[in-house]
Amino acid sequence: MAGIESTKNHENPFKFNWISAGIWVLILGYILYSFHAMGLTWGRFYEGLGHAEKLMGRMFPPNFERWELLLSGLAESLEIAVIASFVGIVLSLFLGLFAARNLMPNWISIPIRGLIALCRTFHPVIIAILFVKSVGFGALAGILTLIVASIGFIAKLFAEAIEEISLKQIEAIRATGAGFVSVIVFSVMPQVFSRFIGFSVYQLDSNLRNSTMVGIVGAGGLGGTLFSAFQRFDYDFVAAILITIISIIMIGEYLSNIVRRIFK
Amino acid sequence: MTTIDHHWQRFTLKQKLARYAVYLVLIMAMLQSIQSVEVIPEFFYDAPEQMADMFNRMWPIDFAYYPVSVHDAMIETLNIATLGTLFTLIFAVPLALLSSNNICSSRWGHWIARFFLVSSRSVNSLVWALLFVSIFGPGVIAGVLAIALRSVGFVGKLLGEAIDEVHMGSIEALKATGASWMSILLKGYWPQVLPAFFSIILFRWDINVRESAVLGLVGAGGIGVVLSDSMNLFEWQRVSIALLSIFVVVIIAEIVVVQIRKRLI
Numbered sequence: 001m002a003g004i005e006s007t008k009n010h011e012n013p014f015k016f017n018w019i020s021a022g023i024w025v026l027i028l029g030y031i032l033y034s035f036h037a038m039g040l041t042w043g044r045f046y047e048g049l050g051h052a053e054k055l056m057g058r059m060f061p062p063n064f065e066r067w068e069l070l071l072s073g074l075a076e077s078l079e080i081a082v083i084a085s086f087v088g089i090v091l092s093l094f095l096g097l098f099a100a101r102n103l104m105p106n107w108i109s110i111p112i113r114g115l116i117a118l119c120r121t122f123h124p125v126i127i128a129i130l131f132v133k134s135v136g137f138g139a140l141a142g143i144l145t146l147i148v149a150s151i152g153f154i155a156k157l158f159a160e161a162i163e164e165i166s167l168k169q170i171e172a173i174r175a176t177g178a179g180f181v182s183v184i185v186f187s188v189m190p191q192v193f194s195r196f197i198g199f200s201v202y203q204l205d206s207n208l209r210n211s212t213m214v215g216i217v218g219a220g221g222l223g224g225t226l227f228s229a230f231q232r233f234d235y236d237f238v239a240a241i242l243i244t245i246i247s248i249i250m251i252g253e254y255l256s257n258i259v260r261r262i263f264k
Numbered sequence: 265m266t267t268i269d270h271h272w273q274r275f276t277l278k279q280k281l282a283r284y285a286v287y288l289v290l291i292m293a294m295l296q297s298i299q300s301v302e303v304i305p306e307f308f309y310d311a312p313e314q315m316a317d318m319f320n321r322m323w324p325i326d327f328a329y330y331p332v333s334v335h336d337a338m339i340e341t342l343n344i345a346t347l348g349t350l351f352t353l354i355f356a357v358p359l360a361l362l363s364s365n366n367i368c369s370s371r372w373g374h375w376i377a378r379f380f381l382v383s384s385r386s387v388n389s390l391v392w393a394l395l396f397v398s399i400f401g402p403g404v405i406a407g408v409l410a411i412a413l414r415s416v417g418f419v420g421k422l423l424g425e426a427i428d429e430v431h432m433g434s435i436e437a438l439k440a441t442g443a444s445w446m447s448i449l450l451k452g453y454w455p456q457v458l459p460a461f462f463s464i465i466l467f468r469w470d471i472n473v474r475e476s477a478v479l480g481l482v483g484a485g486g487i488g489v490v491l492s493d494s495m496n497l498f499e500w501q502r503v504s505i506a507l508l509s510i511f512v513v514v515i516i517a518e519i520v521v522v523q524i525r526k527r528l529i
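Those protein sequence lines, which keep their order, are chains A and B. Each residue of the first sequence is one higher than the one before, starting from 1 at the first, in my numbering. Each residue of the second sequence is one higher than the one before, starting from 265 at the first, in my numbering.
Pulled from the structure, derived: some chain B residues nowhere near chain A, Cβ distances all over 12 Å:
| id | residue |
| --- | --- |
| 1 | 323 |
| 2 | 329 |
| 3 | 333 |
Calculated lysine-lysine pairs in the DSSO-like style (CA-CA distance at most 30 Å, straight line):
| id | chain 1 | residue 1 | chain 2 | residue 2 |
| --- | --- | --- | --- | --- |
| 4 | A | 168 | A | 156 |
| 5 | A | 264 | B | 280 |
| 6 | A | 168 | B | 280 |
| 7 | A | 156 | B | 280 |
| 8 | B | 526 | A | 156 |
| 9 | B | 451 | B | 526 |
| 10 | B | 278 | A | 264 |
If you're looking for bench data, these hints aren't it; they were derived computationally from the structure. Note that the coordinates shown come from a computational prediction; the quantities given were computed from them, not determined experimentally. We put the CB at the ideal spot given by N, CA and C, even for glycine.
For reference, chain B alone in the conformation it holds in the complex (with noise of 0.2 Å):
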């Protein structure tokens, strides 16, 4: 009798050596960075105590503050948020479109529609609000474009994620009674996409309140005007107060967000 000498296992060779080749490629990768990176070490070493500092002159948070201008900024930065995320659909809806499989089938229109998806996710909120600054000047309407820019390659990436997993059933059940391409996308589609559609809109409503609080650092309106004022006035007490109300806010913006869900979905 011959007993068979089974050896198991996991990953084959081939796979092996490409977990190999990535775990070398990062590890020449940070080796590479530290040596390049150009770090002062006294600035390390002195961190801790520098930032000791800083807090113990935040100390204490001026609540005097909040009703002269924080409040009003404040506002502002959800107007920002919730304009900008509304703003998004006009352009991230067409890209979805654009970039499902079950909806656009050329491959031209993927490609378009993924260039502008990722554009617009590689240029960060802020550089977007730069460029909306210089064309628009300083103020609110810089900042609801930034973040409706913003938005449109996470929205419409996702967007478009959950058309391709509708059901074609009812699309095909609606074409065979001859409906028009409007009622299909109205009838068809959109009732399956819609708990998605909220969700991702809320999502990134959520993502946006934050985003909105920091885009006044580069003149588009929004709390983060009174931030990069009081820091440019050493106002350290008011430099808390505004943080710790993006702080507040932030946090009640998720909570709704949630509650939401819960209601909606």
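The following block holds chain A by itself, in its conformation from the complex (with noise of 0.2 Å):
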């Protein structure tokens, strides 16, 4: 029976972590306090789901009476989304070409990133009730708002996939006598194109999705259908509108995957 003592020299594979241990219970005592310190309690929740009930119950069955002013919503969500996205990415193509540290000077990259920067740190819903206050209610403020966005996302990841590229393609380029326009259009624009396509592709979705929100703040588009419905408890409504949303977005989620594979 000599060496079968297969438990003894062996260390567990499986060692028990004291840090990730001690993450763990750090992780748990903060749940438990923010429990505490925002009075969330058992007796709230089942009450909520009480609530929760009756709100399904009026949600359903949906109601599409009201299509005309749905379809209305819709189409100017629509709107938006394709003229945000459009003008937001062929600004983004610039500021990104500008922004790109191995192609421009530092005084010029500079204050680009930080114009992108700024573009992103604040919530599309912040920009669009700034917008709303200095533009009006309406498409064009959620139009604004989802310019800004875009150049937040897509200038960003457009400047950082120029900045991975090749350098040879365009030395070659520059050897030929070329201008600068030519090398950009010639160099760097074919080793990118097809990545800026994708975003730009990611970044319409996007925008579809953030159409149909910003109207919530009074900026256009099927948000706004929604929240006066919300407001006016026809929760029937409401339900056929987020059916919409989903439906439409599963819809953009499709047609960009064929998109995608047609540019790849």
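Hints given; two lone chains; assemble the complex.
And the structure:
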């Protein structure tokens, strides 16, 4: 029976890790603390579940009777998303080029980077509020908001993509005596174009989502219809709007997959 | 001697046509949208002036208001973001398991998971917040649940993809020892998914800090309540201190996330 003492002399491969255990305990402690601090109790939760049941009862079946209103809101959301994506993508194309550190001197790229970062820091809803206060209610505020959001996202990723390109191709084009614009068009763009399309498609998708939301603060689109339905307690109409939003976004996701495959 | 006349092409005809079709559709959509969207041109020309006026009213920033009510609201916002991110896991982990190919092989499972994940992502956090405010009443609880349900789609999708990339070797080894289903998950999958898991959670927390700042606009607690109250009272200098503190907190959150990621991953 020699040498079959398998349990001895073997290290446990799944050792107990004190550090990770400590982190889990901290997280647990935090959860308990915040339940206490925010006054979340089971009683309130149960009461809420009762309300949820009532709400669900009033939401279903969804009411599509006012489909004209729904459709006009949806059309406005789509228009906002399309225009904002288009303008945002075109602007990001330039801003991204100017923000790329390997193409531009510091005195151009640093301020542009700051601008892009500024576009990213605030949530679109906050930007939407500021635009609604300054350009009034309606689609224009929504468009401007989503343009800002698009710049914050695409220009940043685009600049990063440009920074990763190979410089050999640029040298080759430069060696032929090409000017700056030709260098960009024939050596930078071909290397990053497919990724740029990828970002743009993603942004179109997320603008579509966000265009249904900026309406809540009055910047046009389906969100406005949704918010007023909420305020009038028309919960069955709310359900109809939510179903519309989810399905339009699913369709959008499907279409953007097709576009992505085409440009692969 | 014949020369072979090669004509190099980057794309096939079919690819080209597909690309042009996409461009055409996009341009048509753009033109159609510009024509039918209702934008009042006067508002557009007036915008720079109006914006300058708004920023004028925001200045100087009312720093004295910070300890009065902005500070507590900001802490509440951070709590909403953190607790919401933690709550997400309750729904996101099962859905991620269901959506990944190497754990669940049923097509139905994938479809169900995808349906929930996409619905969670397509309903904006503000809309979730509206729903929960009408269920639980205004306050933090609605905010936490809104953040949680909104994040499920994001976390679940990325986590599912991370699980898909797991190397099956160690899992087969565990299966060969006759390990139970739970041990395979905990000792086979979990250690491999761990880095991705924390990076997804941190990333989402960073996003949630931004998102939870606006939930108060529909009454779901946090700094947004202060923001919307001061805006309704036209206290623009208070609006600017609220915006400034959101800005600072968002930046700090980003720095914290970057630092933790560096240490952890």
